[in-house]
Amino acid sequence: MLRKLLIGTALATSFAFSAHAADVKEVQMLHWWTSGGEAAALNVLKQDLAKEGYAWKDVPVAGGGGDAAMTALKAMVAAGNYPTASQMLGYTVLDYAAAGVMGDLTETAKKEGWDKSVPAALQKFSVYDGKWVAAPVNVHSVNWLWINKAVMDKIGGTEPKTFDEFVALLDKAKAAGVIPLALGGQNWQEATMFDSVVLSTGGPEFYKKAFNDLDDASLKSDTMKKSFDNLAKLVTYVDPNFSGRDWNLATAMVIKGDALVQVMGDWAKGEFHAANKTPGTDFLCYRFPGTDGSVIYNSDMFGMFNVPDDRKAAQVALATATLSKSFQSAFNVVKGSVPARTDVPDTDFDACGKKGIADLKKANEGGTLFGSLAQGYGAPPAVANAYKDVVSKFVHGQIKTSDEAVTELVKAIDDAK
Amino acid sequence: MSTVATSQIKLTPEHTRRRASVRSRLQDALPKIVLAPSFAITIVFVYGFILWTIYLSFTNSKTFPSYAITGGRAYQRLWNWTFDVDPPSSWYTSITNMGIFGFLYIAICLALGLFLAILLDQKIRGEGVLRPIYLYPMALSFIVTGVAWKWFLDPGLGLEQTLHQWGWTSFHFDWIKNKDFVIYTVVIAGVWQASGFIMAMFLAGLRGIDGEIMKAAQIDGATTFQLYRRIVIPLLRPIFLSAFIVLAHLAIKSYDLVVALTSGGPGGSAWLPSNFMYEYTFKRNEMAVGSASAVIMLMTIVAIIVPYLYSELREKSR
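Listed in order, the protein sequences are those of chains A and B.
If you use the working numbering, the first sequence corresponds to residues 1 to 417, in order.
If you use the working numbering, the second sequence corresponds to residues 1 to 318, in order.
Read the hints as simulated data drawn from the structure, not as lab findings.
Be a bit skeptical, because a hint or two may be false.
Said to hold, decoys possible - Derived Cβ-Cβ restraints for the label pairs, each shown as a range:
#1 A:Asn248 - B:Glu315: 38 to 44 Å
#2 B:Ile50 - A:Lys233: 45 to 51 Å
#3 A:Glu165 - B:Arg73: 35 to 41 Å
#4 B:Phe171 - A:Asp171: 26 to 32 Å
Unchecked claim - Pairs of lysine to aspartate or glutamate, EDC-like flavour, derived with a Cα cap of 16 Å:
#5 A:Lys172 - A:Glu159
#6 B:Lys62 - A:Asp95
#7 A:Lys149 - A:Glu159
#8 A:Lys256 - A:Asp215
#9 A:Lys325 - A:Asp58
#10 A:Lys110 - A:Asp95
#11 A:Lys400 - B:Asp84
#12 A:Lys225 - A:Asp215
#13 A:Lys174 - A:Asp153
#14 A:Lys51 - A:Glu26
#15 A:Lys400 - B:Asp28
#16 A:Lys325 - A:Asp310
#17 A:Lys131 - A:Asp115
#18 A:Lys312 - A:Asp153
#19 A:Lys312 - A:Asp23
#20 B:Lys62 - A:Asp415
#21 B:Lys283 - A:Asp95
#22 A:Lys256 - A:Asp153
#23 A:Lys233 - A:Asp171
#24 B:Lys150 - A:Asp246
#25 A:Lys400 - B:Asp86
#26 A:Lys417 - A:Asp95
#27 A:Lys25 - A:Asp58
#28 A:Lys154 - A:Asp258
#29 A:Lys411 - B:Asp84
#30 A:Lys124 - A:Asp95
#31 B:Lys283 - A:Asp67
#32 A:Lys411 - B:Asp86
#33 A:Lys277 - A:Asp350
As the structure is a computational prediction, the values presented were derived from the model and not from experiment.
For each residue, glycine too, the CB sits at the ideal point set by N, CA and C.
Next comes chain A alone, as it looks inside the complex (with noise of 0.2 Å):
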């Protein structure tokens, strides 16, 4: 009896060693990509990983949306329950890194190249103390106009190449009847184009100054209330209907031609896209007037985490798979972004695609690639949020002036540092 109590035990035993020892064959992903377009793209990665035998596993998120996943992340960290990877935006990556929660992955980024192929600008949100702990899995710019073509040909318009042609061209739109913007009202899409409101009134070197550096002298510049009397001219194009609107029901409008021109990140075309549009026969993506020649970016980016050694082969498995050149390329072609290595081929890309490519690749090396301050990429989330705060109350009229503006931006970044 005894004996076989021993034996039973030993092989128990045995046999929960070998299971530990062997790996993991799963990758636990949480992510908000749940929309249709996004959730199609998403399933490109799966397929690959099933192919090399590893499970997907999303990591449920109640309520959708990023906030709620990342207030989920938090808790999972806390209660040191890591998940393999989870999708992260610029900051957020640099603040779990430095609470020492993260992976390493600078091994496979050696053997992959990643250093070479992915933008500079990135690499300071991927690699933390010389580390890699994030995989860029696209790069999404925010200095685009889309525009309705066939409002675009009844108005008689012209692609606008400063500020001023735009503001003739939104003249046009108007006496012809047609709303002349199309914005949504909520703090982040006002400071989203602002972003590219900056970037065209001062120019590249003024961007990165104030908006990368906060550089208090060039917050408080001239050129910086400028930008905001310039977005107060926007402003007054706008629908008297468009405070609180969704970003995809603004794009909606230009879709259905009763709006001209929408200035969004390029998201906007998976809208487009879902709508069966094409662009050039029925829609337009030009660079913001003015920022021709530079690129205001965001990044999703897959944060690795410091998983047990058994979780740690899907993990690269997983890295690898997403800086793979074939789903780079698959991936981006759906979302609308483009690759986040400047390395992948343009081929099944569209117009504005390969135009996102192109203008990527000329803006990593002119060193024109800037983080957009709206969308968390200039500057920590306290900092970013009182930026957004401060501008969606001037297009709100809480703030009245652009002298105040700019008082109001110096303090409110002054105090969130």
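Model the placement of chain B on the given structure of chain A, informed by the hints.
Positioned in the frame of chain A, the structure of chain B alone reads:
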């Protein structure tokens, strides 16, 4: 009570009474055993976390909690923001909105609830149908209420658009898009949801009033108005208090209604302190400031609840 039981057991011969003593002890302890888990959970998850939040508000916690006490900088910042009137700081907007919303929400709900209850109390036909119609909005979550009213109040979708289509083109109602009026739309939706419930409370109170008193007053020649003014409403005082407490805590913890109805309002003009707390703790990674604002909200609730409990307890002991 338990001490009495045990002393009795000691007096009796052990071998005959053992079974009974175990049972009676168990019976004595049963309520405590049953209550213990919920008591422990409440201690940890309510009072424990209140203390933790107070602790965090004195640290410099950012994204994650940090445990080194660094003083009251979070409170100092809130204090400074309290006086940022022009342009309004988010905290100033939140607390003034709390004042406007809290006052109007409670006052209108009480007035409307009482009015509806008095009307329903006139022994009318079909009361059984009318009562649930008024009560059912309470069964909806704030999210549903918020979304429904968002569509209804949206000038491009709801009331204004419909009236324009019917031909009344000069009709104008865009409060939900207006930074100065958006908080009143939150009041409208909130009142719509809660006034039926308050009506039910008052109705129960009205039904509890002794008919003899009413008859006596009528014989003395009181008019209907006097009857309600001098007799019924004073008799409803305890209901007023309970309704006030229910409404006050609903008002202070309103968060989802603002989010669903206005997503914060133009330029954040519809924020309540709870929105402020969530924004700062989870979106802006300023956990210390978020905790400090939560502590101030708690203080506000305590300032309302404690006098109420005090008066209740005093009345009972009398």
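Going through the hints against the structure:
1. Range check, Asn248 of chain A to Glu315 of chain B: about 57 Å between beta-carbon atoms, so the 38 to 44 Å window is missed.
2. The hint said 45 to 51 Å for the Cβ distance between Ile50 of chain B and Lys233 of chain A, and at roughly 50 Å that hint holds.
3. Glu165 of chain A and Arg73 of chain B have their C-beta atoms about 48 Å apart, which leaves the hinted 35 to 41 Å range violated.
4. As the Cβ distance of Phe171 of chain B to Asp171 of chain A is approximately 30 Å, the hint placing it in 26 to 32 Å holds.
5. Only pairs whose Cα atoms come within 16 Å are accepted, and Lys172 of chain A paired with Glu159 of chain A is accepted, the gap being roughly 13 Å.
6. For the proposed pair Lys62 of chain B and Asp95 of chain A, the alpha carbon gap of about 9 Å is at most 16 Å, so the pair holds.
7. Of the supplied pair hints, the one linking Lys149 of chain A and Glu159 of chain A holds, its CA atoms being roughly 11 Å apart against a limit of 16 Å.
8. Restraint check: the Cα-Cα separation between Lys256 of chain A and Asp215 of chain A comes to about 42 Å, which exceeds 16 Å; the hinted pair is violated.
9. The hinted pair formed by Lys325 of chain A and Asp58 of chain A fails the criterion: a straight-line CA distance of about 24 Å is larger than 16 Å.
10. At most 16 Å may separate the alpha-carbon atoms for a hinted pair to count; Lys110 of chain A and Asp95 of chain A exceed this at roughly 24 Å.
11. Restraint check for Lys400 of chain A and Asp84 of chain B: the C-alpha separation of about 15 Å stays at or below 16 Å, so the hint holds.
12. Of the pairs offered as hints, the one joining Lys225 of chain A and Asp215 of chain A holds, with about 15 Å between alpha carbons and a cut-off of 16 Å not exceeded.
13. With a C-alpha separation of about 14 Å, the suggested pair Lys174 of chain A and Asp153 of chain A falls inside the 16 Å cut-off, and the hint holds.
14. In summary, the hint linking Lys51 of chain A to Glu26 of chain A is supported, as the alpha carbons are separated by about 12 Å, within the 16 Å threshold.
15. With a C-alpha separation of about 70 Å, the suggested pairing of Lys400 of chain A with Asp28 of chain B is violated against the 16 Å cut-off.
16. For the given pair, Lys325 of chain A sits about 27 Å from Asp310 of chain A by alpha-carbon distance, which is inconsistent with the 16 Å threshold.
17. Taking the CA atoms of Lys131 of chain A and Asp115 of chain A, the gap is near 11 Å; set against the 16 Å cutoff, the hint holds.
18. Straight-line distance between C-alpha atoms of Lys312 of chain A and Asp153 of chain A comes to about 55 Å, which puts the hinted pair past the 16 Å bound.
19. Of the pairs offered as hints, the one joining Lys312 of chain A and Asp23 of chain A holds, with about 8 Å between alpha carbons and a cut-off of 16 Å not exceeded.
20. Proximity of Lys62 of chain B to Asp415 of chain A is assessed by CA-CA distance (about 14 Å); at most 16 Å being required, the pair is judged to hold.
21. As the CA atoms of Lys283 of chain B and Asp95 of chain A are separated by approximately 13 Å, the hinted pair is consistent with the 16 Å bound.
22. Proximity of Lys256 of chain A to Asp153 of chain A is assessed by CA-CA distance (about 15 Å); at most 16 Å being required, the pair is judged to hold.
23. As the CA atoms of Lys233 of chain A and Asp171 of chain A are separated by approximately 11 Å, the hinted pair is consistent with the 16 Å bound.
24. With a C-alpha separation of about 13 Å, the suggested pair Lys150 of chain B and Asp246 of chain A falls inside the 16 Å cut-off, and the hint holds.
25. The suggested pairing of Lys400 of chain A with Asp86 of chain B holds, with an alpha-carbon distance near 10 Å, which does not exceed 16 Å.
26. A C-alpha spacing of about 14 Å is found between Lys417 of chain A and Asp95 of chain A, which places the hinted pair at or below 16 Å, so the restraint holds.
27. Proximity of Lys25 of chain A to Asp58 of chain A is assessed by CA-CA distance (about 14 Å); at most 16 Å being required, the pair is judged to hold.
28. For the suggested pair Lys154 of chain A and Asp258 of chain A, the alpha carbons sit about 13 Å apart, so the restraint of at most 16 Å is met.
29. The straight-line distance between the Cα atoms of Lys411 of chain A and Asp84 of chain B is roughly 11 Å, inside the 16 Å bound, and the hint therefore holds.
30. The hinted pair formed by Lys124 of chain A and Asp95 of chain A meets the criterion: a straight-line CA distance of about 13 Å does not exceed 16 Å.
31. About 7 Å separates the Cα atoms of Lys283 of chain B and Asp67 of chain A, which keeps this hinted pair within 16 Å; it holds.
32. In summary, the hint linking Lys411 of chain A to Asp86 of chain B is supported, as the alpha carbons are separated by about 13 Å, within the 16 Å threshold.
33. Restraint check: the Cα-Cα separation between Lys277 of chain A and Asp350 of chain A comes to about 12 Å, which is no more than 16 Å; the hinted pair holds.
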